[in-house]
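Colleague: Residue-level listing of the chains:
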Amino acid sequence: MTAVMDAGATVWTEICAVSRIPIACGVGALLPDGEQVAIFRTTDEEILAIGNIDPISGAAVLSRGIVGDADGVPCVASPIYKERFDLRSGACLDDPDMSVPTYPVRVEAGVIYVGSA
Amino acid sequence: MSRTLVVVGNGMVGHRLVEAVRAEDTAGAWRVVVLAEEPRPAYDRVGLSSYVGTWDADTLTLAGSSYPDDDLVELRLGDAVVALDPDRKVVTTASGFEQDYDALVLATGSYPFVPPVPGHDLPGCFVYRTIDDLDAIKAAADHAREVTGRAAGAVIGGGLLGLEAAKALRDMGMSPHVIEMAPRLMPIQVDDGGGSLLKRLVEGLDVTVHAGTSTSEIGADRGRLLAKLGNGTELDLDLIVFSAGIRPRDELARTAGLDVGERGGVLVDDKCQTSDPSIYAIGEVAAVDGTCYGLVAPGYTMAEIVAAQLAAGNGDATFPGADMSTKLKLLGVDVASFGDAHATTEGSLEVVVNDAVAGTYKKLVVSDDTRTLLGGVLVGDASEYNTLRPLVGRELPGDPAAILSPAGESGIGGIGIEALPDEAQICSCNNVTKGRIKHAIGEEGCDTVPKLKACTSAGTGCGSCVTMLPKLLKSCGVEVSKSLCEHFSQSRAELFEIVAATRITTFSELIDRYGKGAGCAICKPAVASILASIAPVIGADKHILDGEQATLQDTNDRFLANMQRNGTYSVVPRVPGGEITPDKLIVLGEVAKDFGLYTKITGGQRIDLFGATVDQLPHIWKRLVDAGFESGHAYGKALRTVKSCVGSTWCRYGVQDSVGMAVELELRYRGLRSPHKLKSAVSGCARECAEARSKDFGIIATEKGWNLYVCGNGGMTPRHADLLASDVDSETLIRLIDRFLMFYIRTADRLQRTAPWLEELAGGLDHLREVIVDDKLGICDDLEAAMAKHVENYADEWQGVLADPDKLARFTSFVNAPGMPDPTISFREERQQKVPVLLGIPEVK
Chain L
2 MTAVMDAGAT VWTEICAVSR IPIACGVGAL LPDGEQVAIF RTTDEEILAI GNIDPISGAA
62 VLSRGIVGDA DGVPCVASPI YKERFDLRSG ACLDDPDMSV PTYPVRVEAG VIYVGSA
Chain H
10 MSRTLVVVGN GMVGHRLVEA VRAEDTAGAW RVVVLAEEPR PAYDRVGLSS YVGTWDADTL
70 TLAGSSYPDD DLVELRLGDA VVALDPDRKV VTTASGFEQD YDALVLATGS YPFVPPVPGH
130 DLPGCFVYRT IDDLDAIKAA ADHAREVTGR AAGAVIGGGL LGLEAAKALR DMGMSPHVIE
190 MAPRLMPIQV DDGGGSLLKR LVEGLDVTVH AGTSTSEIGA DRGRLLAKLG NGTELDLDLI
250 VFSAGIRPRD ELARTAGLDV GERGGVLVDD KCQTSDPSIY AIGEVAAVDG TCYGLVAPGY
310 TMAEIVAAQL AAGNGDATFP GADMSTKLKL LGVDVASFGD AHATTEGSLE VVVNDAVAGT
370 YKKLVVSDDT RTLLGGVLVG DASEYNTLRP LVGRELPGDP AAILSPAGES GIGGIGIEAL
430 PDEAQICSCN NVTKGRIKHA IGEEGCDTVP KLKACTSAGT GCGSCVTMLP KLLKSCGVEV
490 SKSLCEHFSQ SRAELFEIVA ATRITTFSEL IDRYGKGAGC AICKPAVASI LASIAPVIGA
550 DKHILDGEQA TLQDTNDRFL ANMQRNGTYS VVPRVPGGEI TPDKLIVLGE VAKDFGLYTK
610 ITGGQRIDLF GATVDQLPHI WKRLVDAGFE SGHAYGKALR TVKSCVGSTW CRYGVQDSVG
670 MAVELELRYR GLRSPHKLKS AVSGCARECA EARSKDFGII ATEKGWNLYV CGNGGMTPRH
730 ADLLASDVDS ETLIRLIDRF LMFYIRTADR LQRTAPWLEE LAGGLDHLRE VIVDDKLGIC
790 DDLEAAMAKH VENYADEWQG VLADPDKLAR FTSFVNAPGM PDPTISFREE RQQKVPVLLG
850 IPEVK
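One line per chain: the protein sequences are L and H, in this order. Okay, so the first sequence: first residue is 2 according to this note's numbering, each after it adds one. Okay, so the second sequence: first residue is 10 according to this note's numbering, each after it adds one.
Hint data in this document are derived by calculation from the structure and do not stem from the laboratory. Model, not experiment: these values are computed from the prediction. Here a beta-carbon is modelled for each residue, glycine too, at the ideal position from N, C-alpha and C. Be a bit skeptical, because a hint or two may be false.
Here are the simulated lysine-lysine pairs, DSS-like style, with alpha carbons at most 27 angstroms apart [as the list claims (entries may be wrong)]: (1) H/Lys609 - H/Lys631; (2) H/Lys816 - H/Lys785; (3) H/Lys338 - H/Lys491; (4) H/Lys147 - H/Lys713; (5) H/Lys491 - H/Lys631; (6) L/Lys83 - H/Lys785; (7) H/Lys785 - H/Lys336; (8) L/Lys83 - H/Lys480; (9) L/Lys83 - H/Lys491; (10) H/Lys480 - H/Lys208; (11) H/Lys686 - L/Lys83; (12) H/Lys460 - H/Lys602; (13) H/Lys208 - H/Lys237; (14) H/Lys336 - H/Lys602; (15) L/Lys83 - H/Lys338.
Calculated from the model, a selection of chain L residues having no Cβ within reach of chain H, i.e. all distances over 12 angstroms [claimed, not checked]: (16) Thr14; (17) Ala18; (18) Gly69; (19) Arg107; (20) Val108; (21) Glu109; (22) Ala110; (23) Gly111.
Non-contacting residues of chain H with respect to chain L, defined by C-beta distances greater than 12 angstroms in every case (computed) [to be verified]: (24) Cys134; (25) Ser205; (26) Met333; (27) Glu355; (28) Phe516; (29) Glu557; (30) Thr560; (31) Arg574; (32) Glu588; (33) Val623; (34) Lys686; (35) Asp736; (36) Ser822; (37) Asp831.
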């Protein structure tokens with residue numbers, strides 16, 4: 002695990018090469034503070050990161066959900082009970098009281114980095 | 010203080026009365042005591058002949074007939090009422106039990122009439138009315154086979170019930186004789202023309218018809234029976250079933266001094282009240298204004314009328330007379346008769362189309378100006394019954410001959426449901442009108458066939474009107490949306506056809522050309538399943554985790570294991586037929602021990618190992634594959650298991666090798682992807698220990714081969730599987746299952762199990778049989794070829810993963826920290842095994 006501090010005190014953690022994630026798929030990764038993130042590569046080649054823990058079941062599984070879109074909004078469906086989460090905002094599309102955190106993403110030389118405070 | 014309602018008789022009509030009273034009597038004003046002669050709660054007597062083959066009385070039991078959880082209903086079985094004292098308002102049973110009543114309903118039904126032929130009471134003579142009667146007939150047939158190696162039977166009476174009894178004998182493996190005094194079969198329902206075609210059709214089914222003659226004498230002859238007919242014929246028989254009509258069981262009413270009808274039956278007015286105002290009579294025993302009705306539908310109407318008076322205080326309803334129209338499938342032959350079938354109306358005219366080649370006879374009876382339909386007879390093909398019967402008494406939409414003409418594109422199909430008036434009865438079993446169904450669609454939000462069935466009861470009786478329900482939905486402007494999701498406007502079946510025709514092999518191409526957007530958790534797995542089902546046929550077979558296909562799969566398919574609530578997986582290796590060697594059992598135990606897995610025996614006769622993390626899965630499977638195990642597909646919408654009982658190899662009662670068959674079937678269909686999971690079982694005898702009738706396809710051994718049952722379901726909406734074919738050999742059995750499974754895979758909706766698929770299939774079981782058994786659509790070769798490809802191309806999915814480093818690399822919790830286990834997963838111990846610590850819901854940022 003490689004973590005880099007930048008000026009704004011954001012820690013950038015190296016995740017993997019973009020090519021490691023198939024299109025319309027996700028992977029799980031561990032941040033330095035033990036937080037779990039799910040990083041997705043969408044059909045439109047966007048790289049997006051949200052928390053990996055499904056707030057409905059409490060299981061760390063969102064990276065293993067099916068990636069797609071709802072009315073054009075890129076989302077992932079939790080593999081436990083199928084609620085969908087907006088990959089950009091973290092909002093749950095099926096339960097307005099639920100959401101997951103989102104994380105900034107940077108791609109440099111084909112490698113993905115996820116930022117955390 | 011509640012009053013007491015005593016119901017004498019727990020047949021179909023008596024049961025309907027209790028249900029109706031309990032539904033209407035919301036205040037609980039009545040305590041209901043049901044006194045029944047038969048030892049079992051109300052069952053489907055109309056379907057009695059289907060008891061043959063299953064020999065399971067439970068399958069005929071009417072829903073709710075033991076009144077569970079209802080404190081206000083008391084059911085006393087096997088204790089007939091023998092005396093009625095209207096002055097004291099008390100009934101007495103055979104066991105001496107006395108019960109007083111405030112209101113009494115006689116629903117004692119009928120007894121079979123046995124003509125006073127000499128010898129009618131010899132051993133070997135039976136009647137056909139109850140489950141016990143059928144058990145006795147079976148015992149006699151079995152005995153005859155043991156003694157002489159064969160069994161010969163005859164039915165005296167060629168009416169509706171006589172032919173049902175003949176079917177029962179035929180299903181027991183006999184080639185029955187039917188003796189009918191009238192010159193034709195079913196003399197009440199059909200005319201001479203229809204009767205002679207009917208005779209020809211049933212004789213083609215191994216039934217010998219002796220019409221226009223009676224039985225003059227039955228004699229005992231060296232342990233068998235000798236029946237002499239009036240025409241000189243002599244028949245050597247082992248058993249004789251009398252089915253020569255029924256007589257009302259009015260003896261209680263007679264001895265109690267109640268008025269009875271001239272031709273028997275308890276005389277009642279049009280509110281079903283007898284000459285004693287506290288006593289009612291309903292069903293076959295009631296003579297409404299002097300007439301008894303031997304069908305169940307009028308009996309149900311009577312039950313509703315009495316229930317409304319007693320429980321709802323509504324005395325307005327009167328018996329409207331009965332529609333004696335009938336549509337039946339007797340010995341597989343369609344017979345329908347409606348309205349004035351015999352043209353007794355003055356001046357009426359008959360229009361007949363008799364097609365000897367097609368084996369159909371159709372007659373319409375019309376008024377003298379040929380415009381009004383009065384009645385008709387249909388034999389051989391009664392598919393037009395549903396549209397014709399509601400038109401009785403109304404103007405025909407065209408020339409009667411053109412309507413009957415087989416080539417008539419403008420014929421009955423063209424009448425359309427729109428032509429029917431609102432008061433036309435669509436479901437005659439439950440008296441549901443077109444207006445009622447339209448109301449349910451328009452006002453009660455019923456937009457699917459299952460909802461309509463649940464809401465109106467239409468189509469829940471004999472089921473013959475189910476095909477009209479989608480048409481009514483459509484005519485009311487309800488477009489039943491079959492679109493898969495927001496990305497595909499097509500149904501799953503349509504997408505299947507598209508993939509088959511275009512040979513598209515990827516989701517991206519399919520959505521580009523036929524859908525929109527990026528896809529979702531609904532369409533992606535559905536398309537993945539279609540691609541997997543069809544791949545061997547179009548020669549595009551590959552692993553379900555190859556390339557893009559991996560990203561379409563639900564997590565279970567993607568990791569070839571079943572995700573549990575804490576994000577870990579369970580592992581289920583295949584144990585074909587539930588048969589496993591001690592060595593393999595030991596391997597499972599060792600693997601579970603080494604990886605710390607919770608173990609449980611599944612309902613499908615295999616072993617489930619719980620609590621594996623993503624990272625552990627390949628290591629666990631390496632051990633399992635090395636020991637000769639393969640994927641059990643517990644994670645897939647695919648064949649799960651074929652359960653079996655131990656069968657003839659060990660069991661004293663088994664008649665076939667059920668384990669061997671289960672192993673063969675499980676190995677044949679393993680890996681087959683389908684719209685939903687598929688479960689199966691094979692039982693080695695009629696005791697059915699493998700519970701095959703709760704499966705998508707279930708097989709029960711018979712002495713001659715196998716019975717195949719299809720579209721059963723356990724789970725939330727249990728459904729007993731229907732008999733598709735009986736006494737077939739192993740080769741035929743497998744051929745039929747091949748066809749059945751492929752037809753289901755091609756036509757079902759996403760996540761539609763076989764049971765609801767059949768419920769929605771237009772034409773139901775009959776249609777399925779036509780397609781699968783009779784090959785009416787000419788697609789069976791194709792279906793069999795597709796299955797052959799599947800069998801040929803099967804490969805174990807886990808072996809495929811272990812051999813491919815790219816696929817193996819995906820089995821990791823953290824891409825940036827391979828090998829690091831997920832720290833949120835933890836276990837505790839319960840009953841000497843580990844179980845997940847339930848996860849708290851974390852704070853939401």
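Colleague: Now, for every hint given, state plainly whether the structure supports it.
Modeller: Outcome of the hint check:
1. Our distance criterion of 27 angstroms between C-alpha atoms is met by lysine 609 of chain H and lysine 631 of chain H, whose separation comes to about 21 angstroms.
2. In summary, the hint linking lysine 816 of chain H to lysine 785 of chain H is not supported, as the alpha carbons are separated by about 45 angstroms, beyond the 27 angstroms threshold.
3. A hinted pair counts as satisfied when its Cα atoms are at most 27 angstroms apart, and lysine 338 of chain H with lysine 491 of chain H does not qualify at roughly 32 angstroms.
4. Only pairs whose Cα atoms come within 27 angstroms are accepted, and lysine 147 of chain H paired with lysine 713 of chain H is accepted, the gap being roughly 16 angstroms.
5. For the suggested pair lysine 491 of chain H and lysine 631 of chain H, the alpha carbons sit about 42 angstroms apart, so the restraint of at most 27 angstroms is broken.
6. A distance of roughly 41 angstroms separates the Cα atoms of lysine 83 of chain L and lysine 785 of chain H; the hinted pair therefore is violated under the 27 angstroms criterion.
7. With a C-alpha separation of about 22 angstroms, the suggested pair lysine 785 of chain H and lysine 336 of chain H falls inside the 27 angstroms cut-off, and the hint holds.
8. Under the criterion of a C-alpha separation no larger than 27 angstroms, the hint pairing lysine 83 of chain L with lysine 480 of chain H is inconsistent with the structure, at around 34 angstroms.
9. At most 27 angstroms may separate the alpha-carbon atoms for a hinted pair to count; lysine 83 of chain L and lysine 491 of chain H meet this at roughly 21 angstroms.
10. For a cut-off of 27 angstroms, the pair hint linking lysine 480 of chain H to lysine 208 of chain H is broken: about 34 angstroms separates their Cα positions.
11. Annotation: proposed proximity of lysine 686 of chain H to lysine 83 of chain L holds, straight-line Cα distance about 18 angstroms (limit 27 angstroms).
12. In summary, the hint linking lysine 460 of chain H to lysine 602 of chain H is not supported, as the alpha carbons are separated by about 49 angstroms, beyond the 27 angstroms threshold.
13. Distance hint between lysine 208 of chain H and lysine 237 of chain H is fulfilled; the C-alpha atoms sit about 21 angstroms from each other, no more than 27 angstroms.
14. As the CA atoms of lysine 336 of chain H and lysine 602 of chain H are separated by approximately 63 angstroms, the hinted pair breaks the 27 angstroms bound.
15. Using a Cα cut-off of 27 angstroms, the hinted pair lysine 83 of chain L and lysine 338 of chain H is violated, with the two alpha carbons roughly 46 angstroms apart.
16. Not every CB of chain H lies more than 12 angstroms from the CB of threonine 14 of chain L, the least distance being 7 angstroms, so the non-interface label is violated.
17. Under the 12 angstroms C-beta cut-off, the non-interface status given to alanine 18 of chain L relative to chain H is violated; the minimum distance is some 10 angstroms.
18. Under the 12 angstroms C-beta cut-off, the non-interface status given to glycine 69 of chain L relative to chain H is violated; the minimum distance is some 4 angstroms.
19. Under the 12 angstroms C-beta cut-off, the non-interface status given to arginine 107 of chain L relative to chain H holds; the minimum distance is some 14 angstroms.
20. Against the 12 angstroms criterion, valine 108 of chain L stays outside the reach of chain H, whose nearest CB is about 15 angstroms from its own CB.
21. With a closest Cβ-Cβ approach of about 15 angstroms to chain H, glutamate 109 of chain L is found to remain outside the 12 angstroms limit, as its non-interface label requires.
22. Listed as outside the interface, alanine 110 of chain L is consistent with that label: its C-beta sits roughly 16 angstroms from the nearest C-beta of chain H, beyond the 12 angstroms cut-off.
23. For glycine 111 of chain L, the shortest C-beta to C-beta distance to chain H comes to about 15 angstroms, beyond the 12 angstroms cut-off, and the non-interface label holds.
24. Separation of cysteine 134 of chain H from chain L is adequate, the least Cβ-Cβ distance of about 63 angstroms exceeding the 12 angstroms criterion.
25. For serine 205 of chain H, the condition that its CB be more than 12 angstroms from all CB atoms of chain L holds, with the nearest at approximately 61 angstroms.
26. Residue placement check: methionine 333 of chain H keeps its beta carbon more than 12 angstroms from all beta carbons of chain L (closest about 53 angstroms).
27. Here glutamate 355 of chain H stays apart from chain L, with its beta-carbon at least about 68 angstroms from theirs, past the 12 angstroms limit.
28. Not every Cβ of chain L is farther than 12 angstroms from the Cβ of phenylalanine 516 of chain H; the closest lies at roughly 9 angstroms, contradicting the non-interface assignment.
29. With a cut of 12 angstroms on Cβ distances, glutamate 557 of chain H falls inside the contact zone with chain L, its closest approach being about 7 angstroms.
30. At roughly 4 angstroms from the closest C-beta of chain L, the C-beta of threonine 560 of chain H falls inside 12 angstroms, breaking its exclusion from the interface.
31. The non-interface label for arginine 574 of chain H is inconsistent with chain L: the shortest C-beta to C-beta separation is roughly 6 angstroms, within 12 angstroms.
32. Taking the minimum C-beta to C-beta distance to chain L, about 33 angstroms, the non-interface status of glutamate 588 of chain H holds against the 12 angstroms cut.
33. For valine 623 of chain H, the non-interface assignment is contradicted: its Cβ lies about 8 angstroms from the closest Cβ of chain L, within the 12 angstroms cut-off.
34. No Cβ of chain L comes within 12 angstroms of the Cβ of lysine 686 of chain H; the nearest lies about 17 angstroms off, and the non-interface call holds.
35. At the 12 angstroms boundary, the C-beta of aspartate 736 of chain H stays outside the reach of chain L, the nearest C-beta of that chain being 45 angstroms off.
36. With a minimum CB-CB distance of about 6 angstroms to chain L, serine 822 of chain H fails to clear the 12 angstroms threshold, and the non-interface call is violated.
37. Residue-level check failed: aspartate 831 of chain H sits 5 angstroms from the nearest beta carbon of chain L, not beyond 12 angstroms.
Going down the numbered hints, you'll see the structure goes against 2, 3, 5, 6, 8, 10, 12, 14, 15, 16, 17, 18, 28, 29, 30, 31, 33, 36, 37, while the others check out.
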